[in-house]
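Chemist: These are the residues of each chain, in order.
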Amino acid sequence: MAGPPKKKQRREEKPDGELPQKKYYRQRAHANPFSDHDLTYPESPEAMDWSLHYPAFANTSKGNDTTESDTAQNGQSTQSRMTQQVEIADIGCGYGGLLFALSPRFPNTLILGLEIRTAVTEYVQEKIKALRGQQSSSTSSTTPGDEQVAPPSTAPAAAPTYTNISCLRANTMKFLPNFFRRAQLAAIFLCFPDPHFKARKHKARIVSAGLVSEYAFVLRPGGKVYTITDVADLHAWMVEHLEAHASFERVGEAEVEGDECVEVMRRETEEGKKVERNGGSKFVAVFRRLEDPEWP
Amino acid sequence: MQQPFQCIATVCPPAASSDTRYLIAACGPKLQSVSLTSGDIVSHWSSSEVVETTSTSSPANDNNERPTKKLKTAPSDQSAKNIIKLTVSPNNQYVLVVTDDKSLHVLSVNDTGELAQLSSRSMPKRPCAVKVLPNNSTILVGDKFGDVYSLPLLVDDTANGNSDATSTSEVTAPEHKHVEKKPFQPSATTKTVHTQRNLRALAAQQNQKNLTPKSKEPLAFEHKLLLGHVSMLTDLAYGQQEVNGKPRKYIITADRDEHIRVTRGPPQSHIIEGYCLGHKDFVSKICPIPGTTLLLSGGGDDWIGVWDWSECKLLRKLSLQGVFDTDSIAISGLWFGPSDIGDVVLAASEKSRRLAILPASEILKQNTENEVWSWSAFDHPILDVAFVSEKQRMQAFRLTHGSSPHRDVVLLESGTLNDKLQRVNRTQISSGSDLATDELLYGVEKLRKRGHADEAADE
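As given, the protein sequences belong to chains A and B, one line each in that order.
The numbering used here runs 706 ahead of the 1-based position in the first sequence.
The numbering used here runs 44 ahead of the 1-based position in the second sequence.
All clues given are correct.
A few chain B residues that face chain A, going by a derived Cβ cut-off under 7 Å, partial list only: (1) G272; (2) S275; (3) D301; (4) H314; (5) I315; (6) K493.
Derived list of chain A stretches under chain B, where covered just means 3 residues or more per stretch with a C-beta under 8 Å from a C-beta of chain B: (7) 736 to 744; (8) 876 to 887; (9) 899 to 909; (10) 915 to 921; (11) 935 to 942; (12) 978 to 989.
Taking lysine-lysine pairs in the DSBU-like style, the calculated list, with each CA pair at most 35 Å apart, reads: (13) B:K188 to A:K907; (14) B:K324 to A:K714; (15) A:K904 to A:K714; (16) A:K904 to B:K268; (17) A:K904 to B:K188.
Please keep in mind that the hints were generated in silico from the structure rather than gathered at the bench.
Note that the structure is predicted; figures quoted are calculated from it, not measured.
Think of the CB as a built atom: it goes at the ideal place given N, C-alpha and C, for glycine as much as any other residue.
This is chain A alone, in the form it adopts within the complex (with noise of 0.2 Å):
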């Protein structure tokens, strides 16, 4: 009887550059993020080949053959064969709703997902590989078996190209220091984090005084954290901590309803969708990273 799920036949019926269907890849909403997961991670940042995720943006100046003898050993090369880093984490993901809506907004950005739930992530980088296959199927001339797969296209020359963002599975609540370098992001998204309900489970939460201090180090000074929930409880929760964190300053109300990025996370977060059909309130809180004040 036993065998592999269905869903991950489902999964893997699906024709070459078809959108990748949802409901094959649902997962449990909660994932505990303190259990050792068998997570794939980079011994440093500098050990992270970011080409793989985005080669749009690899550097192909230099004759960059494939066969790197020492990546992992000599750091400096895999970081020096991008034209520029990740800018952008939105942390917990889900399917993406927010990498795909910001993609366009900032095409000249390096954009990250990072979910915890393997499926999910499968997901995402399911649909962003269609949907960069998609793109360049239509603007290059076709290619043999090519016709029934590529859409009737008749995207404009600007249409997102999705190659500024990627996505993959890491648990960031222990592993974010690995990932990203002292200063090198812009913003951090925290969209519709599982709230945690019960006091015991308080330190699961994405937030928490610890957590804040890891965020403002890969935060450059001027950067931002965006939260969004529907849980007032959490919210609540998510001001008081990044408030009293003296390296966050919370932005004012008329700048946050100005920000673009913040329309997006409202509306275009798959969360912030099903919140609206539910009838529920979404709750919004921007905060900008300080400089370091000098030592004592």
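Since the structure of chain A is provided, determine the placement of chain B on it from the hints.
Modeler: Just chain B now, with coordinates in the frame of chain A:
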């Protein structure tokens, strides 16, 4: 079944004559102070006595203090708790003891080596690293949940040690205590939960009107949360360097998920300066080299890392291949101290009978193909090492644990005092089963990840 000494330290009380040294040794729940001149047991202390003596003197042991949690072991409260950590303050006047009931005890050592308990504080989680800052008035405690707290060494304000306590009272690190006084209201609503089961649970909560939230009561003693890891914290060190003539202080923490984090010291402990990344397996021990910005790190990898923590740079990997006689390497101890060949680095791997030795001069030697580790082989696995910085001779206590009923549990590297210590060793009371002893002595290998199938490892 004789129980070995699991932790040792040496104390040289400042007022005593320069030759007077005492060995502080922990055996199960008992702590002994042994004169190294005579070999006599000067004083002893037990965690079981504490329960009776401090219930009146210390507010930390008040029964209403914390909601009593179900203890996994220990059928009765009166049973003595094993000592899991032992630290001596830089001025050699205080001994800090952590027992496995999450309590931190501060003891004073006087000139004659006598131990007297000053305070006992019950920490929220099991402490796994304890350090006294050079000011001799602040304790840093790292716990299993990844949090690092600073506490005043002395609980009583009337005692000395107030001068530096003020510096930590400027709260910059956020407190995560959540004070709620309003009546209970479920934080979920029908707008936020949708599945049938969740809705049923919510309805049950709403019907239960007078439920008071089970928020944890704050600790009854002064404490400050400095920083937190999500991963399990394993070790903690304190660093200092001078930049433009001004001292800068740092807290260096290591965790089970391969990180070594460098954070500014209080009051700016909310600022992370960097991460020393490069380990492939857990980091269990870090050891700063005094007077430098060098740090040694060891854990589940088959090498010891040499870092410049001020730049978060891995300078060298000191290979341990072939050094230990065990199948896998799990560094259980890393020490730096004097010896007859100058300063040395000592490393012990869990259950290994070898103590690895490397002259400090070798650490920074560049372009050497192989490190010249040497080792001392012993009859039993090494549990702890302490230095008796005496006339340039390295005298390490090996605490061994084996199966022979009449084995030595404390030995000096050089034989001069061993005869005297024999007596100390023999007076040890046998107790505990092999299994319980193993659990007390060997916890490092357990830090290794065993793949995702083993989710139960975390609590």
